[in-house]
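Can you build the whole structure from these sequences, using the hints too?
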Amino acid sequence: MIERIKNLQTQAEAAILNAKTSEELEHLRVAYLGRKAELPLMLREVANLEPALRGKVGKAANQARQTLESKIQDRAEQLVAEELDVRLQADSIDVTLPGAPPQPVGGLHILTSTRRELEDIFLGLGFTVMEGPEIESVHYNFDALNHSPTHPARARTDTFYVAQDELLRTHTSPMQVRAMEAHPPPLYVVIPGRVYRRDLDATHTPQFHQIEGLAVDEDITLADLKGTLLSFAQAVFGDDREVRLRPHFFPFTEPSVEVDVSCFHCSGKGFLADGSRCYLCKGEGWLEILGAGEVDPNVYSHVQTNEQNTPGYDPEKIQGFAWGLGVERIAMLKHGIPDLRLYYENDLRFLEQF
Amino acid sequence: MKVPLPWLREYCDPDLDVRAIEERLTMTGTKVEAIHRHGVPWTENFVIGRILEAEQHPNADRLKVCTVELGEQQPATIVCGAPNVAAGQTVAVARPGAVMPDGTKLKRAKLRGVVSEGMILAENELEIGPGGEGIMVLDSLISDGRHRPGTPLDQLLAISTEVIELEITPNRPDCLGVYGVARELHAATGAALQAEPWLEDPGTGGPLSEVEVTVDCPDLCPRFTARVFENVTIAQSPSWLKARLSAAGQRPINNVVDITNYVMLLSGQPLHAFDLDRVAGGKLTVRRAHEGEQVQTLDGQTRTLDAEMVVIDDAQGPTSIAGVMGGERSEVQPDTTRVLLEAATWNGPNIHRTSWALGLRSEASGRFEKGLAPEQCMHAQTLATRLMLDLCGATLAPGTIDIGGAGQESDPIYLRNSRVLEILGIEVPIKRQAEILEALDFTCKPNTDGLEVTVPALRREDVTREIDLIEEVARIYGLEGLPATLPARRGAAGRLTHAQRVRRVAEDTVVGRGLHEIIGWSFTQPGLLDRLRLPEDHPLRQVVEVENPLSEDQSIMRPTLLGSLLDAARHNVSRNRPDIAIFESGTVYRAASNGLLADEHHGLGVLLSGSLSPRAWRGEQSEADFFAVKALLAAILERFGVHWSVTEAPPTRWPFLHPGRSAAVLARGSDAEPVSLGFLGEMHPLVAGAWDLGRTATFAIDLGKLAKVAPEVRSFEAFGSFPVLRQDLAVVLPVDVSARQVLHLTHKTAGEKLDRVEIFDVYEGPQVGEGRRSLALALSFRSLERTLTDEDVAPLRARIIDALKELGGELRG
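Quick mapping for you: the protein sequence lines, in order, are chains F and A.
Residue numbering for the first sequence follows numbering that gives the first Met the number 0, beginning at 0 and increasing consecutively.
Residue numbering for the second sequence follows numbering that gives the first Met the number 0, beginning at 0 and increasing consecutively.
Errors might be hidden in some of the hints.
Simulated pairs of lysine to aspartate or glutamate, EDC-like, Cα-Cα distance not exceeding 16 Å [unchecked claim]: (1) A:Lys30 <-> F:Glu283; (2) F:Lys281 <-> A:Glu22; (3) F:Lys316 <-> A:Glu421; (4) A:Lys30 <-> F:Glu22; (5) F:Lys281 <-> A:Glu32.
One side of the interface only, derived from the structure: several residues of chain F facing chain A at Cβ under 8 Å [to be verified]: (6) Glu49; (7) Glu82; (8) Phe121; (9) Gly125; (10) Phe126; (11) Glu133; (12) Val137; (13) Asp142; (14) Asn145; (15) His146; (16) Pro148; (17) Phe159; (18) Ile219; (19) Ala222; (20) Val256; (21) Tyr343.
Hint data in this document are derived by calculation from the structure and do not stem from the laboratory.
The model shown is predicted, which means the values in this text are computed figures rather than measured ones.
A virtual CB, placed ideally from N, CA and C, is assigned to each residue, including glycine.
Structural data, given as structure tokens:
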């Protein structure tokens, strides 16, 4: 009898393994474990056996039944999974159709994302961001910035006026004195904003954007200016960039410099791998990016001392640097934008590129 | 400023090529903007020739066939059309292969049947003179033995000159002369500097009897000098002078005028030549002009002056505008024999004003307006006297008129050694500081903590303080070696303000919803206000006007972002992009009434037109309308957790909006009164139509006001651990009961257990009857203490239904 149980188990196990569908497996379950099947029958009749055999046969039959039940269960799960797989495979789609409904993709204007990138770099260097009026007084725009009464920028051919002593600011620099009047030293600020000059051609638009920088403390040197702008240039144009300061003249800085960054297109060599002249830096190896300098002591003398900025700005005790850079120019260099007018045309084919 | 390099090298000749000179000048503050080659690009194939024969061309009246000796075995045949060509002349010849200044390459050519093996040249063909008299005849220039036929032409004439174009900053009028640039080059390279060319004066001081000069306004004319030359022969200048002036960008005219220009280019000091016989009464007076006085200038125009301008006049009235332009009446003529040379110093700001007011800018005014030193007058007189004697056969009348004299020597400036380090962040040895300053013509004496420095006359205006000296030291010492350090940044903590963060988040929110940012012009045209249907008394008409706009289209500052949004929409629609979803975040401007400069605020404007999403193979398209922009606005405002609402506004408030589909946007912070943030609505069809747009929806809000009501820091609000119980309720109400009334009443009635209520369906139609609509409400109940059951909320629900009945509502289905 035990032999028979073994045979039945072997036979059933083989059949279970070979079952191809859940249905076939159900037939097997009925055939081997159903009410009328041989194994359950044996179990039921164990009681009729002679006592010596009862235990052995009972145990063997019970074990066989449990094993088969678990095998059927395992196989059933396997078959359900396989069958689902088959159904899912039949349920395939064209994955190359576009996503739907479409999610429109928006974007910041390249001047805004560039301005924010630059702001973030200077935030990281410890500068705060300030803003100021675009309609400005002649006092803050020119006089307080040490412009001589004959400075050509004052002319109505160069600067937009809205009244005798009011104009559209020609640079973000008027905020230098305003910032100092609002805060005592030490002061570390950048001032992004829109500025205006009376020019219109491929390289000039009557409005454009600048970011002014101003750092004033007891001991800020020209070397500090160089280090700050080097960090900035590397953050914008890459870690291998260098900056050079070229002496220049601005009425409100002394010494004044123009700042060049080594050309990122030709790595400052001036020519490309094929030996041709670098179109970006025109063979110079350097790109002019901004004007800067140590704040002229005369500028401090225009800072009114008041409650907010006590003890005020004494040029014998404090010193610092300032710069002004053009956002359009940085974006133009970085993204290869050929014509300034593209910025203000707002053609979606342009806007969507950035 | 264009400086021919050979001229510069006459005074300072470093052993450097033009590129290295460019680098040194640029890195010490005299930026080289360009390097040109004036004249021909290459000197090959330009030679001296001698005309052996000049025969009439067989087929052309005006041409001659010349046989020209060029130093080769066979003379060349060259056809020439110049009237002055003749046998025996020594001439300049371009041979086939020569490249002319305009880049064309000369070829052997057949002219009316005769082959010409080159070209006999006129001055203007080489860009070394005005030409006009035919070919150049070199007979007077050549010395036998050195200039045989075949000799390269550039050994005789400067036919190919390197010219450097410099950007001279406005503080350096001394560098508007070649010698000043030479001094810079000397300081920048260490190469020797030749002595100042004006040291030896062939003239004499003392009174001058030929002419009388009075200066009535010494405040505007610090110095006036004059010399008189007699027996002057007006003629063309010699070739070298014409070539040099041409290379420097000046047109040669005649010897006297050319001398004044040459001296100005060398010394930086302009001069003016009068024909003394045409100075009425032989007396000059420098005075302020009379209001409305007229003078005819050298360019043939009549100029009307005002009382702040300075004229030089004679017995017949003004003969020139001082420092700006000479007058026609006393101009040097071909028959002039007596010349008065004037070199004066004028008040810079005054000259600047005059030349701008008259729209008359000249080489002279460009120099005077920057402020020249009185000392320069005699530099110029000295140089000019030498040339007048040498080139015009003139005799100098003894004496010099000199009113005002040299300038006042400035006090010495102390340069503290410690200060150099403090400002620059790098140590410059004191010996080197002195060397640099002396190379720039400053005088240095050692002092306790540095140097006592005397400023040269020509730098008196520019260098007045210690910091100016430090700049001089720094630029010549070189900034290349400056270390790159970072400031200490005491107390610096880089951060954005709340208002700046609000702006960024608002922009990012709309970008995340698929809108593109545009950047428009701050300027707009007054016609915009009409196209927006703004009545005369509308507050948006209080615009800031630009007094000197580039054009009428840009003559006012925009009072709203709508103009640029509509312009950008039209631009793209007309380029076949009918679906528009754009925004602008920028400043708008209004005239201020309270004494401030202007009222500027930062707005956020959104414009939607056409379909909200692109056509797709699945999903429905919906059109931009009021509710689409309202949802967008909600996305922004709820991002900041502000309490907000919309209310109907009278149609006169925003006449550019659809009167039935527009609203005011109100918001309030935790404690404050509601503020008006802006407007929301569909564009009035007439306005949209004016921009060729169909249905268009928009909103514009003041981000500054939003920042004020948006909490800077949001505090945690407990939401409990018990689940929310949701129930729906559909109620039919008269259509004139607003959604806001329903929501408000529901909240008020249900009390604090009602966490949220939302309208998720709106139905109007036959099933609910005329004049009525069904609103489906989604109610969320919640308690912080326990899980709510349907039984808990049943009384609340009943109260809501009762309350809505009072608005004319009835429960649906």
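Indices of hints not satisfied (ascending)
As far as the earlier hints go, 4, 6, 7, 12, 13, 14, 15 are violated by this structure, in ascending order.
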